[in-house]
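Participant: What follows is each chain in one-letter form.
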Amino acid sequence: MRPFVYKKVTTVEGAVNSIRGDARFLGGGTNLVDLMKTGTEQPSELVDISRVPLMNIEEQRNGGLRIGATVRNSALANHPVVRQRYPVLAQALLSGASPQIRNMATVGGNLLQRTRCYYFYDPSYVECNKRTPGSGCAALQGQNRMHVILGGSESCIATHPSDMAVAMMALDAVVRVQSASGEHAIPLMKFYRLPGTTPHIETELKRDEMIVGIDLPPVVGRHSHYLKVRDRNSYAFALVSVAAVMDVEAGNKIREARIALGGVAPRPWRIPEAEKALAGQTADEAAFKNAADILLKDAKGQRHNGFKVELARRSIVRALTIASTPRGGQ
Amino acid sequence: MEDETKSPLDDLTRRAFLATTVAASAVPLVAQGTAPAHTVACTLTVNQVPHQLKLDPRLTLLDLLRERLGLTGTKKGCDHGQCGACTVIVNGERINSCLALAVSHDGEAITTIEGLANGDALHPVQEAFLTHDGFQCGFCTPGQICSAVSVLKEARRGMPSAVTADLAATGPITLTKAEVRERMSGNLCRCGAYTNIVAAIMASTGGDIA
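Protein chains in written order, with my numbering: chain F, 1 to 330; chain S, 1 to 210.
Some clues are possibly wrong.
Claimed, not checked - Covered by chain S, according to a simulated footprint, are these stretches of chain F (three or more residues, beta-carbon under 8 Å):
1. 2-8
2. 38-52
3. 74-80
4. 83-94
5. 100-107
It is worth saying that the hints were derived from the structure and are not from the lab.
Quantities reported herein were computed from a predicted structural model and do not represent experimental measurements.
Glycine included, every Cβ here is placed at the ideal spot set by N, Cα and C.
Isolated chain F, as found in the complex (with noise of 0.2 Å):
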């Protein structure tokens, strides 16, 4: 590992006075840590944030949820309100990682992990455009079976990880970001950018800002659930997920949905156009298809994982099956 400066702070101010040059901050350690064994990432500086009080979960006035951005995964899927109100996300944060990676990984942290393509993590694949801008995609022609079908370049094919930002998209997260000069809020569907040419650039987020925190809105519906379909039914990336909440009213009218794709795309994947075309309709499995169908409309798979598009289709149809019920998946 090369060397760097380490430095610890125990505020936000001290926190955003401290980034400089290609220092980065260090919350739980769990993905930036192991990227720095693989010499993948080499910064010359962590400031250390692991310990900044912004450990608190609010309720907020407005029946919101105001989540510290060093808050654990695991308090997080523990906290009674994110369990009645919020259960999706529950179901996510529980889905993602291991007990141990989710005692440590901070919430903040999760939201900026990096992918686990395989070319990215390795070095000796010198062909990464994401690792060194410029130097090709080793995954377009190699073993793409993890990869996008959705939102991809042919820069790079490489997936989002998170299960947790999946249910946050679907829930329409806001993330508040500070900076010395401020601090502002970036809705999480606005947060993440496409790989397009510069995907070594993957959010909004500038090198000399900080999250402090995640707002979640009142929930729009009590119907929801966070389907994950794997290779192994526990401690495994998803090959495909869905985050689902849905206001149902009775007559199994569909006032409202919100649908994320995670395991697909270079981000959690949200089409506002199905969602609209299911309010107003029926809860039943046409509804469900054709929402599924306008997510997946330029679904192309690669050379090793074409069979995603139809376990996408599938799994959106199934999770939004679950959350209609009436207990909506709980």
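Go by the hints and put chain S onto chain F.
Facilitator: Relative to chain F, chain S alone:
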């Protein structure tokens, strides 16, 4: 009378022998020929013993325990957070020590497999692993046991898992085999001793685990 044919090595334990022969090559992986940018003064309390240390920021908690403090019970399996062999308990929570920078845990209390027993009296979960033969080669066992001790506490605290039927319900969780399997999924066993590991943990659920 002393046996004159006895080799000096006969008096050495396997662990001490390994320590002497490995010492020369036991350069922490962080170093790899490059000097640290600086060192950081830290105090970490391991198994109730405080250690004042000057640490290379690159040193993981796992390498600190094994290479600097001689606590080789905690194992290095994958060194990437995928196998759980390095599981230790920090401030009451289980973590992967291979993904933790030691400097980041300044001032914290760490419990390793060496800290679970009370003198010669094994921890009840250690006893249960012996009774139920919850291992074969034993390499993953320290991590399995540190994880299992945490599983029992987490269930008692009411922490849900991905297979908990009713997330909204509060209060202690009853550990079924399905719950134990899900909660132990961060600990791999290449020998495949899972059936007996689950049995050992199920047998521990009734006891009063400190």
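Participant: Against the earlier hints, flag every one the structure doesn't satisfy and list their numbers going up.
Facilitator: Nothing - there is no hint that the structure violates, so all of them hold.
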